[in-house]
Amino acid sequence: MTMLATRAVEAEAVTPRRRSRRRKQLIGALYAAPTAFVVGLFFLVPLGLVAWMSLHRWPLLGPPSMNVPDNYTALSDDKLLSTALWFTLKYTVLVTVLLFVISFGLALIVQHRFRGVAILRTAFFLPAAVGFASASLLFLGLLSSEIGPFGSKLPSVSSSPTAALSSAVGLVLWRFAGFNMLILLTGLQAIPTEVYEAARLDGASWWQTFRSITLPLMRTTIALVLTLMVSGSLLAFDQFWILTRGGPDNSTTSLVMVIYRKAFIELDLGSAAAVSVLLLVLLLIVSVVQLRVLRRRS
Amino acid sequence: MRFGMSRVTGAALAILFLFPLVWSAWASVRTPSGFGLANYQRLFTSDNGIRFEHVANSLAVSAMTVGGTLLVATLGGYAFGRFHFPGKNILFLLTLAILMVPYATILIALYVLLGWIGLQDSLIGLSLVLIMFQLPFSIFMMRNAFEAIPNELEESAQIDGCGSIATLVRVLLPAVRPGLVTVSLFAFLTSWGEFFAPLILLNSTDKFTMMLAVVNMRTATFGAIDYPALEAGVTFMAIPCLILFVVLQRSYVRGFMSGALRG
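Chains as they are written, first to last, in this note's numbering: chain D, 1163 to 1460; chain Y, 11 to 273.
No wet-lab data here; the hints were simulated from the structure. None of the values given here were measured: they were computed from a predicted structure. The C-beta atom is built at its ideal place from N, Cα and C for all residues, glycine as well. Accuracy of the hints is not assured; some may be wrong.
As the list claims (entries may be wrong) - What follows is a set of in silico ranges between Cβ atoms, one per label pair, in the way DEER data are often shown:
{"id": "1", "chain 1": "D", "residue 1": "1427", "chain 2": "Y", "residue 2": "160", "range": "22 to 30 Å"}
{"id": "2", "chain 1": "D", "residue 1": "1318", "chain 2": "Y", "residue 2": "66", "range": "30 to 38 Å"}
{"id": "3", "chain 1": "D", "residue 1": "1312", "chain 2": "Y", "residue 2": "214", "range": "15 to 23 Å"}
{"id": "4", "chain 1": "D", "residue 1": "1359", "chain 2": "Y", "residue 2": "21", "range": "21 to 29 Å"}
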């Protein structure tokens, strides 16, 4: 009984405070309203719309009509799509491995303070300040025999599938290594120096320290960087559109190029949406696998 | 020993990374008879090159994107960092999910959606889409910046009788300045150099941004590509980015690192 009574008294005292708390909640929600509006209208609605469009014959001009599941069945015998799918996967593996090794190497070089380290960091990061499409145009000239410094010593970009692929990979490494270096550097500098000193006192070699201290302690940063690299590569467009034009013989046509072609060259938005859904599922699988692997390790 | 080795390697690599930028600037002023601005002249006068309205369009898109991102991310960061309200966590996760759902996959739908609301082939529509793509990074940055402000600062302002808006403008905004600089610079660099979104969302050549116009010089010509004019375009567009980056580098890198660290 007494407990009930005290509770009643407490409740009465709390009401005005609760009202002010509710007011504060309302104000917070109001400040978040613009975010909710932009995220809702320009992210959630299009996400639903792309799935909806993939169920329709949706010409660029003219009314859409439902045609389930024609867009998807047509994809299964689309030769360009399967070439693009395999090419994009191959490219993703290649870029992720090379970019990770190089970015990590750069981060290790500029990890400690020494005279001129700031200049090195800026030099590595500077390509990231140039737009990616600009960078692609830059490399188009750089690798050309017309004005490039290497003249005709290099095979031209579209002379063979290998030349085209390596030009695009070189461009991506140059443009993105510094950016990823910066993220990895953040992870490296978060490791307390005492840990390294303890390892040195124990007589551990550089490689032992790196394998058993640096790598495990940087797991989250490494996961972030790998996720960015994989999803970025699966969405490759600018470098192939501008530098290789998807050639020679469609050998460097990426999945996003197929989406663009279907939508704006074949004027078939429904099929383009179906490829987008396919790509979304692919990315979802990648994220789930990555999450699983990370969970198991920790 | 190892230390000296890595310094030499570092210096060599730095030259390798800077070389393409320096070469592009050099190639842009190189003419058959020596040096001069002939390539820039062709860039700004040829049929497929940059016209005055393209420069204006790029400036307008960047200004709207930076302004809009700052507005939405400041208010949103304030809400996420300083308030509790129902649906807060879901909205935050949805905003971050924009990063996981890469935009190439939803641009086709955005093209249709902008048509429905009368913003097809419009610089405003393009800016709204670019703002949305900036939100995950910007909201995350600003939430961390607002969270890091000590409670006493906010409380003292409230005791002085400031409402939430006055507290935000007078007390909190100066405290989150590094975050604002990082968010603006990031929004500027992205909107200035973005290619795929304008390619899809803008149709008429007089709405083109500079980036589209310069790429058009490569893709719309069937004959020989005018490489020197192309490098002039690359250099012309890169200069404001490089200057801004070098000037704001300190706060940009600091803001970026504190944001990434807490992730």
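How the hints compare with the structure:
| no. | hint | verdict |
| --- | --- | --- |
| 1 | D:1427 <-> Y:160: 22 to 30 Å | 57 Å, violated |
| 2 | D:1318 <-> Y:66: 30 to 38 Å | 36 Å, holds |
| 3 | D:1312 <-> Y:214: 15 to 23 Å | 39 Å, violated |
| 4 | D:1359 <-> Y:21: 21 to 29 Å | 28 Å, holds |
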